[in-house]
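Going by numbering that gives the first Met the number 0, the first residue of the sequence shown is number 0, and it counts up by one from there.
The set of hints was computed from the structure by calculation and includes no laboratory data.
Accuracy of the hints is not assured; some may be wrong.
[Stated by the list, open to error] Below, in silico cross-link-like pairs of lysine-lysine (DSS-like), each with a Cα-Cα straight-line distance of 27 Å or less: (1) LYS76 to LYS26; (2) LYS48 to LYS76; (3) LYS87 to LYS76; (4) LYS87 to LYS48; (5) LYS87 to LYS26.
Bear in mind the structure is a predicted one, so any value in this text is a computation, not a measurement.
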Amino acid sequence: MTTNDDTLLHMFPTSIMTVNMTGHPCKARALEIIDSSSTNDHVLLSNGKSNFDEYGGLLFQPALEQLKNDIQNSVHKFATALGIFPIKIANNWFNIMGPGGTVRAHRHPGSIISGAYYIRAPEGSSSIHFNNPLNPARMLERAQYPNPFNVTEQYVTCTEDTLVLFPSWLEHYTNENDNDSRTVISFNTDYLQP
Numbered sequence: 000m001t002t003n004d005d006t007l008l009h010m011f012p013t014s015i016m017t018v019n020m021t022g023h024p025c026k027a028r029a030l031e032i033i034d035s036s037s038t039n040d041h042v043l044l045s046n047g048k049s050n051f052d053e054y055g056g057l058l059f060q061p062a063l064e065q066l067k068n069d070i071q072n073s074v075h076k077f078a079t080a081l082g083i084f085p086i087k088i089a090n091n092w093f094n095i096m097g098p099g100g101t102v103r104a105h106r107h108p109g110s111i112i113s114g115a116y117y118i119r120a121p122e123g124s125s126s127i128h129f130n131n132p133l134n135p136a137r138m139l140e141r142a143q144y145p146n147p148f149n150v151t152e153q154y155v156t157c158t159e160d161t162l163v164l165f166p167s168w169l170e171h172y173t174n175e176n177d178n179d180s181r182t183v184i185s186f187n188t189d190y191l192q193p
């Protein structure tokens, strides 16, 4: 029974930020660089290619300085909202996923906030799924119906020109991709040096 004196408190929320990057002036140049870059396999990625091992990363190329700065500004806004000390983009890479491709569940150790910029996401692009970090602690709970307090995962639909920022400790993965060109620029962050 609830009364007017009952209060439901929402403690320990996990926040994710999405940013609309539509019309970014560096998009065409970034896609040119991506499409002409060498790629290799990535241990977490099936049926796709990556430049994960390339030194520096796409966003550190001079032609994409404005893109890096705009993403950095979004990272700063998210970090400020979370009350985190100032951070900077530390490394970055891109993945191009093919039909049926997936990304295995993983986290980003050694990073504070991670991000995924869906620079190319045609229809059928796989979503990014986030596992509830409380799942291991809820071994005996059985929900009568799903709600924000008991879901085991949530997802963000992968739409072109969307930047998704999330805590690096939050485990995530993708469902199966249904096209041949889903392209994401991903990155990790580190604290600014004093």
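Evaluated hints:
As the CA atoms of LYS76 and LYS26 are separated by approximately 21 Å, the hinted pair is consistent with the 27 Å bound. This hinted pair does not check out: LYS48 and LYS76 have alpha carbons roughly 31 Å apart, beyond 27 Å. With a C-alpha separation of about 12 Å, the suggested pairing of LYS87 with LYS76 holds against the 27 Å cut-off. Pair hint LYS87 plus LYS48 holds up; C-alpha atoms about 26 Å apart against a cutoff of 27 Å.
Using a Cα cut-off of 27 Å, the hinted pair LYS87 and LYS26 holds, with the two alpha carbons roughly 21 Å apart.
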